[in-house]
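Going line by line, the protein sequences match chains A and B. If you read the first sequence in the numbering used here, its first letter stands for residue 3, the second for the next number, and so on. If you read the second sequence in the numbering used here, its first letter stands for residue 175, the second for the next number, and so on.
Incorrect hints may appear among the rest.
[Said to hold, decoys possible] No more than 25 Å apart at the CA atoms, straight line, and that leaves these computed lysine-lysine pairs for DSS-like:
| # | chain 1 | residue 1 | chain 2 | residue 2 |
| --- | --- | --- | --- | --- |
| 1 | B | Lys675 | A | Lys106 |
| 2 | B | Lys301 | B | Lys378 |
| 3 | B | Lys490 | A | Lys191 |
| 4 | A | Lys191 | B | Lys662 |
| 5 | A | Lys191 | B | Lys371 |
| 6 | B | Lys301 | A | Lys191 |
| 7 | A | Lys142 | B | Lys331 |
| 8 | A | Lys137 | B | Lys452 |
| 9 | A | Lys106 | B | Lys790 |
| 10 | B | Lys527 | B | Lys452 |
| 11 | B | Lys498 | A | Lys191 |
| 12 | A | Lys106 | B | Lys498 |
Hints in this document: simulated from the structure, not taken from any laboratory.
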Amino acid sequence: MIYLRITPVDSWFFRDGRPFHLGEATSDVGGLFPPSAFTVVGAIRAHLARSMGWREGKWSEEICRVLGDGYDLAGLRFRGPLLCREGDRGPEMLYPAPLNLLGKRNDSGYEMRLLRPGEEVECDLGRVRLPTAEKIDGMKQLSGYVNGDQLKQVLRGEVPEGRVIPREELWGTEYAVGLERERDTRTAKEAHLYSINRIRLVRGVHLIMGVEGIDEGLLEKLDGAVMPIGGEGRMGCVEMLSPGKGVSEIRQEIGPIDGRVRFTLVHITPAFLGRWPRPGESIPGVPGEVVSACVGRALRIGGWDSVNRRPVELKPFIPPGSVWFCEAEADELNDVMSVSRIGEYTGFGFGEIALGIW
Amino acid sequence: MSDSSSEINFTIGPVQGFIAQARRTRDLWSGSFLLSYLSGCAMAEIRRCDGRIKVPDVEGDQLLRWIESDGEGAPPRIGTLPNRFVASAEDPAGAARSAAEGVRSRWKKIADCVWNKYVEGVADQGKNTREIWERQVNNFWEIHWTIGAMEGMEARKNWRICTDWSDGRPTIEWGDHCTIMSDWQEISGYVRSIERKKQDDFWKEIRQETSGMDLRSDERLCAIALIKRMFPSVAEDAIGWEVSADRWPSTLYVAAIPWLSAVIESAERDYANDYAKKAFSYAEHIQRKGVAEQIFGRKDLFLEIDANFYHTTSLKNPKSTPLKMTPEDGDEPEDVRRRREELIECLEELYNKKGKPSPFYAMLLMDGDNMGRLIRESGEAVSRALASFAKDVERVVHDNLGVLVYAGGDDVLAMLPVERAMSCAYRLSVSFAESFEAQGMEATISAGLVFASHRVPLRSVMREAHSILDDIAKDENGRGSMAVSVLKGSGRYCRWVSSWKGAVSPENEVVLERLAKNLSEKPDGIEASSSFFYKSRELLLMLAGEQRWSPGMFFDLSHLGGLDIETLLQAEYLNALEHRSEITEEVRDSAVRYVRDLLSVSRRHRGPEHERATGKEICADGMLLVKFLSQKGVQE
């Protein structure tokens with residue numbers, strides 16, 4: 003897989019689900035960041051289609067054969083998008099802080115604890131082992147990012163060293179107002195005023211997206227490209243990383259204990275599951291059953307179907323950082339170890355998980 | 175708490191997802207009230223199963239009494255029951271299941287009332303409207319309960335799966351989204367980009383059903399937002415009593431309260447009432463009954479008109495202030511335009527005499543600190559303390575000319591005029607601490623206070639209030655803190671945070687408010703202040719070696735060693751005054767005191783859990799906040 007580094011030329015705008023119609027005043031339209039894989043894949047495919055001669059309307063058969071169309075990716079496969087930050091020791095991949103990591107601020111940073119399945123509790127889900135830990139008074143889930151080493155520690159069941167990187171160290175939100183002016187009076191046109199929240203990445207922070215299945219001639223079109231990405235046609239610069247550079251799989255070696263394999267699945271990118279497993283049920287494509295979980299509120303991802311000029315349905319995705327605590331039979335160990343993506347749209351980059359122990 | 179095996183911990187959510195996504199103050203109130211009402215329904219069901227509510231103390235609660243059909247006196251109009259509670263019962267799981275069922279059935283009844291009155295007759299003009307409605311109504315609430323110690327509920331909150339999801343996951347929402355709650359489809363079912371006319375016709379019909387005033391022409395709502403919006407008008411059928419929701423002042427009205435008070439207490443009162451009579455004769459549907467009585471305890475014609483009629487900027491826009499015969503589109507006929515000009519002239523005359531009303535109001539959100547731990551350690555004493563605090567909240571808010579939206583458990587939500595909002599927050603924090611002291615406990619409450627222009631969407635104001643309360647006051651600064659943010663139409667103007675202790679003088683005055691008052695009483699001072707405050711910010715930025723200022727930024731100046739910031743800022747202050755006033759000894763002394771006070775509230779004052787309560791870092795936003803308060807938010 004080849005990895006692309008995408009850097010904004012200025013700020014970016016990735017809007018949330020609020021209606022945004024021409025001719026209607028719309029205020030404070032929020033943003034989604036990192037953007038969904040549909041958005042980034044869409045930008046890359048549109049750029050490649052343009053380089054194959056497309057200008058507007060439906061794609062030609064030739065383009066569809068190479069790039070697919072809609073949810074059909076033909077031979078393409080993507081990974082990400084993930085965040086990367088230039089550090090003292092070179093580029094550092096960042097991952098959403100796992101939701102089983104709790105923390106409380108103190109003078110030296112954060113005091114942290116790791117949740118794991120506790121004793122059975124009777125609740126609205128039945129008698130289940132809810133995720134818990136000792137001495138977590140006043141602690142809350144940390145909504146920032148961890149680096150690869152810290153994620154590996156969490157996957158080993160250890161509290162990570164250092165601190166979680168807060169979002170504001172990676173990007174800021176900028177409030178921007180847009181309007182259309184009356185031609186004669188040059189005043190703001192009624193109902194054509196809107197305000198949006200743009201994203202500005204801190205210097206040295208980039209998006210990383212993996213791509214494979216593109217032939218070399220076409221792939222070259224991406225290196226050094228400047229392409230529109232997200233709303234308002236705002237631009238991103240694309241650089242191809244050298245082969246071998248990019249995101250490596252992160253997984254913890256797992257061994258059976260007393261004939262059982264206890265493992266965690268940590269969502270690195272959002273995942274769409276037709277049904278969210280309940281205690282005792284299994285995750286599609288994953289051996290064993292769910293014992294417990296730390297799952298965040300659904301991330302609703304939709305979009306705009308520019309060919310049919312209509313909104314794409316808003317689907318509930320399991321947010322990145324969510325953690326499943328699972329258990330399988332010892333003889334299913336190899337099947338467990340081979341899991342790297344779950345759910346639908348994995349070809350776009352969704353459903354990527356890291357494997358750990360509990 | 176003793177034996178926990180019979181203990182039920184119960185919560186209903188999503189709280190922010192239901193309350194904060196509001197476009198009008200009435201939506202905000204409706205969301206708070208409905209959530210509180212549904213929580214009360216769960217409590218009533220547990221009591222019906224011979225259970226007992228342990229936290230909060232509900233014995234004197236008027237809302238619960240009325241839910242149990244046992245109420246006397248005036249029906250409750252404020253939500254007083256929190257969305258989470260602790261109860262006990264002999265069969266706790268059975269009681270919890272009944273409580274959850276109770277919530278679902280009462281919610282369904284409210285939804286049915288709104289459907290029957292406003293949607294049923296129009297539904298066949300929509301595209302799968304009934305299906306969308308049921309999907310949203312049946313899949314909205316997240317009702318969680320655990321049996322045993324409270325830690326179980328903390329653990330349950332980490333796993334947001336719901337037993338009630340029809341499809342085993344949150345719903346997929348097709349088509350166009352609601353203009354208020356963007357995660358949900360609007361109920362006409364049409365897609366605007368290709369079926370615009372059908373969608374518009376559907377909503378036109380609904381607007382006619384709602385007599386036009388309750389839905390704006392650009393509002394296309396999901397079932398949840400429509401239920402919130404129309405609940406007040408079905409309340410009697412849905413819950414058994416009227417809720418008088420037309421008594422809810424708009425944000426613009428709250429902003430104008432000090433001005434209205436000044437006008438009505440002055441010799442201009444008759445002039446103002448004549449203006450109101452004129453406005454009533456030129457426009458329809460502009461009376462806001464009951465609002466004045468609720469806030470001022472009196473009736474006056476001038477106090478009962480739509481707040482847009484207090485502002486010439488709104489009067490210049492026919493869409494904000496339609497008069498009789500104002501067309502929906504296009505220009506007003508000549509005679510209507512003349513009447514409009516007449517109203518504007520009258521209002522400007524009043525401005526000449528009594529000044530302009532402020533376009534800014536304050537949204538106050540407060541929440542007790544470490545309540546989970548306190549409840550675990552001494553649950554029922556906490557209940558008693560909270561009950562005592564709750565009794566005080568409405569009085570304190572009312573004394574400060576504010577409007578209480580919600581007060582349940584340790585949570586408070588209120589709207590206030592700008593001038594007295596910080597004092598009100600501080601008085602509430604004192605009342606909270608005293609209520610706990612009376613029970614032999616120490617406890618603090620934190621606040622998120624947003625000063626917002628009425629032009630900033632309510633949703634954004636609520637988002638900011640939650641964000642500064644949770645992230646800035648509680649998380650970053652520590653418990654017992656107040657975070658303040660100013661939102662102008664152009665974005666966030668400044669953000670300031672302090673512990674209560676750092677915010678008040680030994681005489682218990684909120685220092686920022688005192689400084690602002692001093693400044694506003696010296697006309698020269700205000701003029702000078704603009705350059706002083708901005709120059710000071712630039713100076714601090716430069717000394718700290720930072721490139722760019724952002725609201726809420728603290729500057730670390732420890733590397734500057736012996737540099738005396740205080741003297742430097744005094745010189746800046748005098749320099750700003752130099753061209754306007756003579757620099758006498760008295761002025762010099764006053765500058766010393768003023769800058770000292772400014773610096774004292776600009777330093778970092780953290781909560782007691784931090785090793786050093788007072789830090790050396792300085793936040794320039796304290797000064798900007800003084801500037802904003804001194805101008806009473808008149809300049810947007």
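These are the hints, each one checked on the structure:
1. B:Lys675 to A:Lys106: OK: lysine 675 (chain B) and lysine 106 (chain A) at ~22 Å, within 25 Å.
2. B:Lys301 to B:Lys378: Roughly 15 Å between the alpha carbons, so the hint for lysine 301 (chain B) and lysine 378 (chain B) holds.
3. B:Lys490 to A:Lys191: Holds: lysine 490 (chain B) and lysine 191 (chain A) sit about 15 Å apart, inside 25 Å.
4. A:Lys191 to B:Lys662: Measuring from Cα to Cα gives roughly 21 Å; hence the hint holds.
5. A:Lys191 to B:Lys371: holds, 23 Å
6. B:Lys301 to A:Lys191: violated, 33 Å
7. A:Lys142 to B:Lys331: holds, 11 Å
8. A:Lys137 to B:Lys452: violated, 66 Å
9. A:Lys106 to B:Lys790: holds, 23 Å
10. B:Lys527 to B:Lys452: holds, 19 Å
11. B:Lys498 to A:Lys191: Roughly 24 Å between the alpha carbons, so the hint for lysine 498 (chain B) and lysine 191 (chain A) holds.
12. A:Lys106 to B:Lys498: Roughly 59 Å between the alpha carbons, so the hint for lysine 106 (chain A) and lysine 498 (chain B) is violated.
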